[in-house]
Amino acid sequence: MSTAIIETKDLCKNFGAIEVAREVNFRLERGARHALIGPNGAGKTTFVNLLTGLLLPSRGSVLLEGEDVTALAQAKRVKRGIARTFQINQLFRGLTVLENVCIAVSERLGVGGSMLRPAGKRADVIEEASRLIEMLQLGGDAGRRITELPYGRQRLVEIAIALGLNPRALLLDEPAAGTPSAESHILLDAIATLPRDIAVLIIEHDMDLVFRFAERITVLVSGAILAEGTPAQIAANHEVRAVYLGNALDV
Amino acid sequence: MTAAEELARRHRLQWWEALPWIASIACFFAFPNYLAFGAQVLITILFALSLDLVLGYAGIVTLGHAAFFGAGAYTVGMMAMHWGWTEPISGLLAAALVAGVIGLASGLVLLRTHGLTLLMLTLCTMALLEQGANMGAAWTGGFDGMPGLSFGKILGLFSFDVLYYRSQYLYALAALFLCFVIVRMLVYSSFGQSLTGVRENLLRMHAVGAPVRMRQVLVYTVSAALAGVAGALFTQANGYVNLAVLGLERSAGVMIVLILGGYGRLYGAFVGAFAYMVLEHVLAKAYPTAWQLGVGLTLVAVALFARNGVIGMIESLRRRFAGQGR
Numbered sequence: 001m002s003t004a005i006i007e008t009k010d011l012c013k014n015f016g017a018i019e020v021a022r023e024v025n026f027r028l029e030r031g032a033r034h035a036l037i038g039p040n041g042a043g044k045t046t047f048v049n050l051l052t053g054l055l056l057p058s059r060g061s062v063l064l065e066g067e068d069v070t071a072l073a074q075a076k077r078v079k080r081g082i083a084r085t086f087q088i089n090q091l092f093r094g095l096t097v098l099e100n101v102c103i104a105v106s107e108r109l110g111v112g113g114s115m116l117r118p119a120g121k122r123a124d125v126i127e128e129a130s131r132l133i134e135m136l137q138l139g140g141d142a143g144r145r146i147t148e149l150p151y152g153r154q155r156l157v158e159i160a161i162a163l164g165l166n167p168r169a170l171l172l173d174e175p176a177a178g179t180p181s182a183e184s185h186i187l188l189d190a191i192a193t194l195p196r197d198i199a200v201l202i203i204e205h206d207m208d209l210v211f212r213f214a215e216r217i218t219v220l221v222s223g224a225i226l227a228e229g230t231p232a233q234i235a236a237n238h239e240v241r242a243v244y245l246g247n248a249l250d251v
Numbered sequence: 001m002t003a004a005e006e007l008a009r010r011h012r013l014q015w016w017e018a019l020p021w022i023a024s025i026a027c028f029f030a031f032p033n034y035l036a037f038g039a040q041v042l043i044t045i046l047f048a049l050s051l052d053l054v055l056g057y058a059g060i061v062t063l064g065h066a067a068f069f070g071a072g073a074y075t076v077g078m079m080a081m082h083w084g085w086t087e088p089i090s091g092l093l094a095a096a097l098v099a100g101v102i103g104l105a106s107g108l109v110l111l112r113t114h115g116l117t118l119l120m121l122t123l124c125t126m127a128l129l130e131q132g133a134n135m136g137a138a139w140t141g142g143f144d145g146m147p148g149l150s151f152g153k154i155l156g157l158f159s160f161d162v163l164y165y166r167s168q169y170l171y172a173l174a175a176l177f178l179c180f181v182i183v184r185m186l187v188y189s190s191f192g193q194s195l196t197g198v199r200e201n202l203l204r205m206h207a208v209g210a211p212v213r214m215r216q217v218l219v220y221t222v223s224a225a226l227a228g229v230a231g232a233l234f235t236q237a238n239g240y241v242n243l244a245v246l247g248l249e250r251s252a253g254v255m256i257v258l259i260l261g262g263y264g265r266l267y268g269a270f271v272g273a274f275a276y277m278v279l280e281h282v283l284a285k286a287y288p289t290a291w292q293l294g295v296g297l298t299l300v301a302v303a304l305f306a307r308n309g310v311i312g313m314i315e316s317l318r319r320r321f322a323g324q325g326r
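In the order they appear, the protein sequences are chains C and H.
Letter 42 of the first sequence, counting from 1, is numbered 42 in my numbering, and no numbers are missing.
Letter 317 of the second sequence, counting from 1, is numbered 317 in my numbering, and no numbers are missing.
Simulated from the structure, these hints should not be mistaken for lab results.
Just to be clear, a hint being listed does not mean it is correct.
Simulated crosslink set (EDC-like; lysine to aspartate or glutamate; CA at most 16 Å straight-line) [what the hints assert, rightly or not]:
id, chain 1, residue 1, chain 2, residue 2
1, C, K79, C, D68
2, C, K79, C, E65
3, C, K121, H, E5
4, C, K121, H, E87
5, H, K153, H, E87
Model, not experiment: these values are computed from the prediction.
Working from the sequences, and respecting the hints, build out all of it.
Okay, here's the thing in structure tokens:
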């Protein structure tokens, strides 16, 4: 078996007596289109937080391309190619869309600590940020502050920031949440057209999106993996239907 | 104008940025009898500018910034008193170094915390230094401080002017200009942009892979060094130093100056220091017993109606007129 881009081994996380991740053994393969689904409170966001280093596990390990990074800080994992979006927008609200993406690109290019040149003169950073902004059809909003944008457009900025980090693994935490349907197609197109060399893990409740996008699905219930397989396998899984999907899904 | 052009334009020098400097030089000629007061305003601007770097740009809330002002003030005072080192410019550099080292050491510990804990710890740092200065009377003069200090000629040419403060004023202006150039370069650089990122969203800043704490400690150190220069200028211009340079009143005062002018706006320190000190001066002259009431009412009005300070108010007015013009 080839080395997965992200792998977890017996990953556990407790908050006091509450177990939010239980012996999770998970692989995100290179270039994967992988979805993580499960009912509310199943521990999906906690799992992403464990992968990115925002939370440290109680037991078990996280491997990045075969190397144990369990003790590695979040910022260092980002440098190794893990980027994420948040379930609730985490943006630089007082800054413009361009500045938001520029901050991410500057950090990736290692110029975020540069004190001499004005940020407005860094053509390489600005060009790349502008390209990403155009790609996500945010060109008209590039000079607007985040606070002036509707929520759905802000979700796109989340993705632009993550892409600005040039990730090898992109973790999308409910990217379509709160997005009106008029804008969600831009988001879905953006996700669908992500470069194939980026492995994508998406957490989503919108089953249409999941089954359209994912090539592999993991079902998480009460912090443990209930099932994993192709969309067809998951849709046919009685246990998953009973716990999460119900009978509404017709694949 | 595209967003990229707008960003580049914002970071370029604008014509109106010459105004504070032209006004400062004009004041030198127009108000020769107020140069002592003018020098204090310039020193306060520098102190407020150093606070703006941490509070306005990096979002580090501190009530103990006078610790660094005091460290700089006492450094040049003690050097002059005990070693006879009265050369002013090397004094400023020594003050920057000492205040910077204290900033670095305290920043490494303090900046592990946030919010109220951080606020309390900045106060504690200042209180520790204040008590240190109070108890180390053999070195610091204790409660009485060090009066009657005299300093050598600036660049070996210009004596400190006891009566008219001409050299003090120009010396403080030159120091402020050099420090301002550094601050301006920092806040418009990628480093400055990342500091704004830290202020706006700490969680996201970690998630883009920024070494957040290192950046905070770095800016805290630079800011402390600049505050140290302001403190040193204070001692050199006035010829004395006492415990008041390290007090809460000074820390709170400079924060009020910055809030009045508008924090995170570079020129807020200029407008705030000028407005606050002139207001204080005029009211104290007109109503010697109740002038603080006037200052208090003004601050209440600013807090209620101009939450981003005078500069913020000007910005929103400009935006409103620009909106109407379209």
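* Asked: Hint by hint, which ones does the structure fall short of?
  -> 4
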